[in-house]
Structures are given as structure tokens and as C-alpha cells.
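Relying on the hints, combine the two individually framed chains into one complex.
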Amino acid sequence: MTSARPGPVSRPGRNLRARDRFLPSLIGLLMVLGTFFLIRAVVIRAEQWPRIKAQFFNGQAIIDVFPQVLKGFGLNMSVWAVSLVVIALWALVLAVFRSLHGPWFAPLRVFSIVYIDLLRGLPSLLLVLLFGFGVPALRIPGLPQKSLFWGAMAMISSYSAYAAEVYRSGMEAVHDGQRAAAKALGLSQGQTLRFAILPQAVRNVVPSLLNLAVALQKDVALLSVLGVRDAVREAQIYTARTFNYSSLVAAALLFLAATIPLARFTDYLSRKDRERRLQFTV
Amino acid sequence: MYRIEIEHLTKYYGKKLVLQDVNLRVADHEVVCLIGASGSGKSTLLRCVNNLVDFDQGDVKLDGLSIFDDGLSSGELYKRIGMVFQSYNLFPHMTVLDNITLAPRRVHRISRAESEACAHELLKLFDLDGFAGSYPEQLSGGQQQRVAIVRALATRPEVLMLDEVTAALDPELIGGVLQVIRDLRKQGMTMIIVTHEMSFARDVADLVCFLDGGRILEEGPPQRLFSNPENPRTRQFLQRIIEAGRL
Ligand SMILES: Nc1ncnc2c1ncn2[C@@H]1O[C@H](COP(=O)(O)OP(=O)(O)O)[C@@H](O)[C@H]1O
Ligand SMILES: [Mg+2]
Numbered sequence: 001m002t003s004a005r006p007g008p009v010s011r012p013g014r015n016l017r018a019r020d021r022f023l024p025s026l027i028g029l030l031m032v033l034g035t036f037f038l039i040r041a042v043v044i045r046a047e048q049w050p051r052i053k054a055q056f057f058n059g060q061a062i063i064d065v066f067p068q069v070l071k072g073f074g075l076n077m078s079v080w081a082v083s084l085v086v087i088a089l090w091a092l093v094l095a096v097f098r099s100l101h102g103p104w105f106a107p108l109r110v111f112s113i114v115y116i117d118l119l120r121g122l123p124s125l126l127l128v129l130l131f132g133f134g135v136p137a138l139r140i141p142g143l144p145q146k147s148l149f150w151g152a153m154a155m156i157s158s159y160s161a162y163a164a165e166v167y168r169s170g171m172e173a174v175h176d177g178q179r180a181a182a183k184a185l186g187l188s189q190g191q192t193l194r195f196a197i198l199p200q201a202v203r204n205v206v207p208s209l210l211n212l213a214v215a216l217q218k219d220v221a222l223l224s225v226l227g228v229r230d231a232v233r234e235a236q237i238y239t240a241r242t243f244n245y246s247s248l249v250a251a252a253l254l255f256l257a258a259t260i261p262l263a264r265f266t267d268y269l270s271r272k273d274r275e276r277r278l279q280f281t282v
Numbered sequence: 001m002y003r004i005e006i007e008h009l010t011k012y013y014g015k016k017l018v019l020q021d022v023n024l025r026v027a028d029h030e031v032v033c034l035i036g037a038s039g040s041g042k043s044t045l046l047r048c049v050n051n052l053v054d055f056d057q058g059d060v061k062l063d064g065l066s067i068f069d070d071g072l073s074s075g076e077l078y079k080r081i082g083m084v085f086q087s088y089n090l091f092p093h094m095t096v097l098d099n100i101t102l103a104p105r106r107v108h109r110i111s112r113a114e115s116e117a118c119a120h121e122l123l124k125l126f127d128l129d130g131f132a133g134s135y136p137e138q139l140s141g142g143q144q145q146r147v148a149i150v151r152a153l154a155t156r157p158e159v160l161m162l163d164e165v166t167a168a169l170d171p172e173l174i175g176g177v178l179q180v181i182r183d184l185r186k187q188g189m190t191m192i193i194v195t196h197e198m199s200f201a202r203d204v205a206d207l208v209c210f211l212d213g214g215r216i217l218e219e220g221p222p223q224r225l226f227s228n229p230e231n232p233r234t235r236q237f238l239q240r241i242i243e244a245g246r247l
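Protein chains in written order, with this note's numbering: chain A, 1 to 282; chain B, 1 to 247.
FYI, nobody ran anything at the bench for these hints, they're computed from the structure. Fair warning: this is a prediction, and the values are worked out from it, not measured in the lab. Glycine included, every Cβ here is placed at the ideal spot set by N, Cα and C. Misleading hints may appear alongside valid ones.
Said to hold, decoys possible - To give an idea of the chain B side of the interface with chain A (calculated C-beta under 10 Å), a few residues:
1. 51
2. 83
3. 84
4. 86
5. 87
6. 88
7. 90
8. 106
9. 154
Claimed, not checked - Calculated from the model, a selection of chain A residues having no Cβ within reach of chain B, i.e. all distances over 12 Å:
10. 26
11. 75
12. 77
13. 109
14. 130
15. 141
16. 142
17. 177
18. 187
19. 195
20. 198
21. 258
Excised from the complex, chain B in its bound form (with noise of 0.2 Å):
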């Protein structure tokens, strides 16, 4: 039984096909981690798999139920799958605890007793206590991208999708976003990781998947495929991150 099981995924944005005939699958626990150059659809990868953009054709199954399954309401999809981005995405307006509390109060009707308390744990746990009643843009970049993590596990998900969440960090904050994302995995998360830091896939990913040009070229355990690739296009790539001191 897979967590998510994503089939024969094929994706266009207007005419430019952006994923082409995509298949992974994810068990409890695993950790995948996408590679690829900008542009090869990873992100899009993600944003199928939670619905937020239409796909064209294929399915994403989430415990064996398609997510457009009548008895899977978007709520709970939204529940079960959460999603950190880039961009941290945080609501500039809101403190971080009402940023965290939202979706449980609002969405699902949780009260605001136990969402805060809930919050305040999961605060503590990732070292952010004190921050609860800080606006987003007094927190550095690092605490903010911790804080949007937070947000996403609020809900308590089964399965977490981390878009590039350090790419758009400075060099010294990135080890404290990565720190957080082994400690879930201890935990028994299950991800969908998109990255550019190798290393740091090598070591969390039970699986890495290589994207190119909206498919999967290849996929393997990390010591296989980064010592070993098997596609061309798979060597030059990694070829091109070494140079660029990346791994």
C-alpha cells in the first residue's frame, strides 16, 4: 500500500507540455527527493499532486483513493497533503500563531484553544518559541521558512511536500531549514522533497528521482544514483553540480 501513487501524469500549460506521462509511488515513511535543472517541472510535479493546478491527464491517489475521489473533500486533502514553498508563502499580515492556526480554526473548525496550544508545541519543538506573536517580516529568513513548516504540519499531515524551501535562503541559515526537515524524517514523515542541495538528498532520500524536460529520467536509492548514473543526461547534470560545488 503507497501513501501517494502518482500515475501516467501528463501535464500542459496551454500548449508546452510541462509533465509527460509521470509515474512514482511513495510508501509510509519514505523520503523521495526530485532533482533536475529549473524549468524540468518539479514544481509542477508538486502542485498536481495537491491539486492546486489542473492536470491533464493520469491520476494522483492518495491511500489507494484518487484525490478527485467523492470521498476525499478538498479540506482533507489539504489536510492529509501539507506544502511548503520557496517563497515561504507566510501571510505578512498575520502573526506566526494566527499564520499557524489559521487553517486548523478556520478549515477545520478547530478551536482556537487547542489550535494555539497545538501551535505553541509545535513552535517549541522546532525552537521558534518566543516568535508566536512576531510578524512574519521580523523573523530572518530561516525562521520564517521554519515557521512555514510549522504552518504545513499544523494540520498534521501524513505526507509533506518541501519545494526548494532553501533555495531562496542565505548560506548560513540553510543548515537550520535542513536540520528541521532530518529531524521529520526521524520522525517517520513521509516527503516528497524538491532540492538542489545533493548532499543533503544523498542523505535523508530513500529514493531520488532525476526530472527532465517534465519526465522522470531516472530514479534509484541516492548512493546508486549519484555515483553511478545511468542516463547521460542524468551524469551531466550532476557533472554540472560539481562544478558548481554543490555536492
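With the rest of the complex left out, here is chain A (with noise of 0.2 Å):
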């Protein structure tokens, strides 16, 4: 919400004054900050306060518990980076699949729909439990026993769903003309997705799908729920052994410091590509 815009600024007739380019973000910087104080005021002003301050702001306790806390926290950003990897691949897959036509792909597309209509329509906490609990409970030979493995399956899963969705949408947005241009020079259909189509879409999504991986970062923490000694769960370990709650603060402290980054890098890369599409129309 800055209206302080990067660039060249000494168009004749209008040349902004740093007062005019730097107070407007300022003015928002101490709307955010009031808010924040009024509310604390509020907050502080309550009968109970000094014993939440306590239990839950205790600077001693969240030193403490950092390190533990941390090591969960390795074990979140791990589970993300891998499945990220594995949702953008099988998700184009999904996509693929759904953009398919003529009668011999009907399989596959019926496929993709329903694959895509199932998982989207249910909550990834229970996706989790069921996938986490279930599956080794089936104690099918050959397969991975434990609960991480599967918990992350059902985020991926989960994940997957969305980002064919989006991936659709990308190669929607590719002009019409694209594909015929691409069959009247004799290219299948594979090859009219693989070299016109998916090389645009995919430049298209890459915003809207890195806003998928930031939800992602922090749904990894699900995982939780199985009894996976990530961060939230160390920190719960915590507060069991001790009664104090920093350390779930002390859990809130590293998301934020993950997820707001990869927030401003999507923001970055959300301008830059309207800027860019703006340049093609003009």
C-alpha cells in the first residue's frame, strides 16, 4: 500500500518532492504502530494481564526454549522445501492431465477433475489425521510407517489440488491464438503444451503459487497434530514440562520470520510481472 512509486519521478510539470514520496508510507507505518499501542493499552489495562505477561512474554523462558523450538523449526522448513518440490511437479502433472482433450484422455482428465474436486473439498487437518494415523495403522509391507512421511503425503496431496488449479488457470489465460499458431505449424498436443503453452502459463502462475507455498510454510505445522516434533510441537512439549507458554510465542516468532520474507519476495515478483504484462499490451 505504498503510493511511493520506484522510477523515473522528474516528468516535467510534476516533480515529486521526497516529502511527497516518503510521508505517505510513514503516515502508514504509524497507523500500523497506533493500532498496535491502543490495542496493548487495552490489552495491559486487563485484570489478568501480569499473569498472561507471565506465562506467555516471559523473555527468560523464550531464550530457554529457543534452541528446542529451533531444531522443530529445521524440521518445518525441511518438510516444506521438499514438498514444494513435489506439489509443483505433480500438481502441472494434474493440470496437464485436466487440459487434455479428445476421447483417449478421457481417463486421465476424469481422473484430475476428481482427484482435484476430492481434495480440495477437504480440510488438511483431517487429510493429516487421516493419512497420519491411518495409513500405518494398515501396516501394508513395503510401505513407509511413519506419520511424517504420511502427514507430508497429505499436504502434498492437499497442496497439489490448488496449485493444478492454478496452473489451470495459467494456461487458460494463454491467448487462443497461441494454440492455433502451434497446430497450424503441425505441433501435437503434447508439443503445443510442452514448447507454446506451459512455458507461458507457468511464467503467468508463479506469483499466485508462491502465495500457495507462504500457506503452505505455515500448514506444515499440522503436522503437529501426529505427534511430529516440529516447532509447534516442541513448544508444546515445553509448556507441558514447565506450565509456561513462551515458548509457543517463541514458535510464532520463527514463522513470521519465514513467512513475512517469502510475502515481500511474492509481492516483488506480483509487480514485476504487471509491469512486465503491461509493457506486452502496450
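Put into C-alpha cells, the structure is as follows:
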């Protein structure tokens, strides 16, 4: 929400001065801080505040628990990173299945539609519980037994459904003329996808995919319900031992430290992308 | 022997009749111009000829062989009939060179070196050398359209179909593209051209067909059709074109 625009400002007749460029951002910042202090003032006045403060915002406790929570957070991040790669690929496959036309591709198309409908219709938490407790309980020989693995599979399955839809919207946004041109050149359906449509579609949807990546970064914490020792679980373990909730705040800080930069980066890419598109249409 | 024979071609979009019993023959080295109001079915006719869209009745033959014949693979069909669109439809994420060599390399399995040499040769021929490494959006509309023509020529087609290739261009860029088409005619390229540039059609066409409501209402050599149209609707259409100052 900054109205301070980077780039050339020395247009004749309209010379933005430093004041005009930075003042709006400054006001925005002050508004956020103002709101924060207002809420703080109300909270501090609450009767129970001193007790809550000691339980949730105990600086010493946060420092003490930090290494343990950080270790759990490392698990969050590795699950997140691996899942991202798998989701990006599997969702692309689903989107391509869904886009194929011709009677012989009907099974793949139907599979993809049903998959996406089912997995988007179920809460991630439910999927994590079903996969994480259900599959290992089947004790099928040859399959991994760890709930961490199956919990991650649940997240991957669920997020792939969303990401597939994102890819699909990107493919549909590619102008029809591109398909016509590819076909008129003799490219097969697969070649048209590979050389003409997908490169453009993927480029279109990178910002939206990154938004999903931010969401996933937090949702990985759902795996804690399986007893997987991620950041949230470690924080809870500490709480159970000491009756102090400051460990949760420590985990919260870690999540913020990871998600905010990624969100900023996503915004930056979206802006670049929009500028690129404007350039195209001129 | 005709290069292209369109026989009793009928096409519906849903319930809407878009082409109605169209018959047209194009001989080797002949240039046919299709004229007619917007929505009369000109683009659809071209798209039927190279099977970009299905049609409901009739047949299209290339050198006497139906385009649906098993002896004619789809790769070969598109190699022999090139097509250029109004909106260029270059691939924006590929350089000019990659746009041109895509079909030769991927569809016709010509080596990279050979197809690039051929592309450079064509680019030079059309005054586009120096743009091989550029991306389409770095080119003017006229240059993009000429690249699109080169791309369609890269497979050495026998027939070239051009669909209002100057309609999206600024007036000062139209001349260059029309000149390219005139040059192609001189080299003996067989062409089916949809155009609103009547004076151009008069120059290059051997045969002009006036389409109206999905039918060829009138056809004839340009001198006759433009100066002495028989059908009242043709007369009306040309009258409007003259009023718009385009003839
Ligand atoms: N993809 C399509 N779906 C439905 N109707 C179409 C489609 N393309 C063209 N039409 C219709 O077919 C008719 C002929 O269109 P077109 O061949 O594009 O005409 P022209 O090129 O002469 O302007 C028009 O009425 C148009 O609305
Ligand atoms: Mg048209």
C-alpha cells in the first residue's frame, strides 16, 4: 500500500519531492504502530494481564526454549521445502491431465477432475489425521510406516489440488491464438503444451504459486497433531513441562521470520510481472 | 490438377450455420482473395482448409487427396499448407529464430544447424536479418507480422493462407507486409488471402470471392468483380468500402 513509486520521477510539471514520496509510507507505518499501541493499552489494563504476561511473554523462557523450538522448526522447513518441489511437479501433471482433449485422454481428465474436487473439498487437518494415523495403521508391508511421511503426503496431496487449479488458470490465460498457431505449424497436442503453452502459463502463475508456498509454510505445523516433533510440538512439550506458554511465542516468531520475507518477495515478483504485462500490451 | 479443392463445405458452430456449401478451387501459383463483411465466415473457411477446426459436410483436397486421407499425415498437411494470422501469434517467450525453427526442428526433425541456416536465409530475404535473437515484443507490429510469414514459410509450404494479416497494423506498417506478399506472388506461391485491402486484392488476385453469410455469393477475376459486380449484395459491400475510402 505504498504510493511511493520507484523509477523516474522527474517528469516535467510534476516533480515528486522526497516529502511526497515518503510521507504516505510513514503515515501507514504510524497507523499500524498506533493500532498496536492502542490494543496494547487495552490488553495491559486487563485484570489478568500480569499473569498472562508472565506465562506467554517470559523473555527468559523464550531464550531457554529457543534452541529446542528452532530444531523443530528446521523439520518444518525441510518438510516444506521437499513438499514444495513435489507439489510443483505433481500439480503440473494434474493440470496437464485436465487440459488434454480427445476421447482417449478422458480417463486422465476424469481422474484429475475427481482428484482435485475431492482433495480441495477436505480440510487439510482432516487429511493429515487420516493419512498420518490411518495409513501406518494398515501396516502394509513395503510402505513407509512413519506418520511424518504420511502427514507430509497429506499436505502434498491437498496442496497439489490447489496448485493444479492455479496452473490451469495460467494455461487458460494463454491466448487461444497461441494454440491455433502451434497447431497450424503442425505441433502435436503434447508439443503444443510443452513448447507453446506451459512456458507461458508457468511464468504467469509464479506469483500465485508463491502465495500457496507461503500458506504451506504455516500449514506444515499441522503435522504436530501427529506427534511429529516440529516447532509447534516442541513448544507444546515445553509448555507441558513448565506450564509456561512462552515457547509458543518463540515458535510464532520463527514462523513470522520465515513467512514475511517470502510474502514480500512474492509481492515484488507480482509487481514485476504486472509491469512486464503492461509492457506487452502497449 | 488443382492444389486445393474445397467441395460442398458446410460448417456449423453449435446450431449456427457458418459455412454453407462452399466450393472453391485453387490452382498452382494462383492467388485467391476472400473478401466479405466481418462474420461472413472467411476465417472459418481458412481454418477448415488446414483442419484447425472440424467441419460437418464436404471435403477439402490437397493435390487431389483429401486432408483426412491416411496417406496424408497431419505433420505433412501443416508442412504443405502454411498459415498466418491477423494477430501474428508469435510465441512471446521465444526468440525470432526459435519461433521460426520450432516446427522444422520439432515436427519435421530437421537438424538445428540446417533449420537455423534456412531461417537466417529467409530472414535476410525479408529484410529481417539482425532480429534473429530478438523477442517478438521488441519488434514493431509490421516486423512481427513479417516474422510470422517467415515462420509459416520455414517448412517450405506449397500453399500459404493469410488471414487479414494487415488488419492489426498501423497504416504506415501495412505497405511493408503487403510488399512481402507481392514478392511471394512473383515467386509463384499459391495463396489464399483474406483481406480488407481492396486495391491490394485487385493487384495480386487471380480470383476474388465475395463471402456473405457463409456462402460464396460471387466470384470472378478482380477487374470484373470490382468494376462490374453482378450480385446486389456485392455491389452494396463494395459501395460501403468505397465510402470508407479503401478502394
Ligand atoms: N469459435 C467459434 N465459436 C462459435 N462461433 C464462432 C467461432 N468462430 C467464429 N464463429 C462465428 O462464425 C461466424 C464466422 O466467423 P469468422 O469466420 O470469424 O468470420 P470472418 O473471418 O469473416 O469475420 C461468425 O458469426 C462468428 O460469430
Ligand atoms: Mg476473420
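Here's how the hints hold up against the structure:
A distance limit of 10 Å between C-beta atoms decides the matter here; for residue 51 of chain B the minimum to chain A is near 9 Å, and the interface restraint holds. A hinted interface residue such as residue 83 of chain B counts as satisfied when its beta carbon comes closer than 10 Å to some beta carbon of chain A; here the least separation is about 4 Å, so the hint holds. Taking 10 Å as the C-beta cut-off, the interface hint given for residue 84 of chain B holds, the closest approach to chain A being about 9 Å. The interface hint given for residue 86 of chain B is met, as the beta carbon of that residue sits about 9 Å from the closest beta carbon of chain A, less than 10 Å.
Given the 10 Å rule on beta carbons, the hint for residue 87 of chain B holds: about 5 Å separates it from the nearest Cβ of chain A. Among the interface hints, the one on residue 88 of chain B holds; its C-beta lies about 8 Å from the nearest C-beta in chain A, closer than the 10 Å criterion. Of the supplied interface hints, the one on residue 90 of chain B holds, with its beta-carbon coming within about 8 Å of a beta-carbon of chain A, less than 10 Å. About 6 Å separates the beta-carbon of residue 106 of chain B from the nearest beta-carbon of chain A, less than 10 Å, and the hint is met.
For residue 154 of chain B, the interface hint holds, the least distance from its beta-carbon to any beta-carbon of chain A being 9 Å, beneath 10 Å. Under the 12 Å C-beta cut-off, the non-interface status given to residue 26 of chain A relative to chain B holds; the minimum distance is some 38 Å. The beta carbon of residue 75 of chain A is kept farther than 12 Å from every beta carbon of chain B, the shortest such distance being approximately 38 Å. Every Cβ of chain B is farther than 12 Å from the Cβ of residue 77 of chain A; the closest lies at roughly 32 Å, confirming the non-interface assignment.
No Cβ of chain B comes within 12 Å of the Cβ of residue 109 of chain A; the nearest lies about 19 Å off, and the non-interface call holds. Taking the minimum C-beta to C-beta distance to chain B, about 41 Å, the non-interface status of residue 130 of chain A holds against the 12 Å cut. For residue 141 of chain A, the requirement that its beta carbon stay farther than 12 Å from each beta carbon of chain B is met, with the minimum near 45 Å. For residue 142 of chain A, the requirement that its beta carbon stay farther than 12 Å from each beta carbon of chain B is met, with the minimum near 41 Å.
In this structure residue 177 of chain A is not separated from chain B by more than 12 Å, as the shortest Cβ-Cβ distance comes to only about 4 Å. Residue 187 of chain A, annotated as away from the interface, has a beta carbon of chain B within 12 Å; the closest lies near 6 Å. Distance check on residue 195 of chain A: its Cβ comes as close as 6 Å (rounded) to a Cβ of chain B, failing to clear the 12 Å threshold; non-interface status is violated. Annotated as non-interface, residue 198 of chain A brings its C-beta within 12 Å of a C-beta of chain B; the closest such distance is 10 Å.
With a cut of 12 Å on Cβ distances, residue 258 of chain A stays outside the contact zone with chain B, its closest approach being about 32 Å.
Violated hints for the displayed structure, listed by number in ascending order: 17, 18, 19 and 20.
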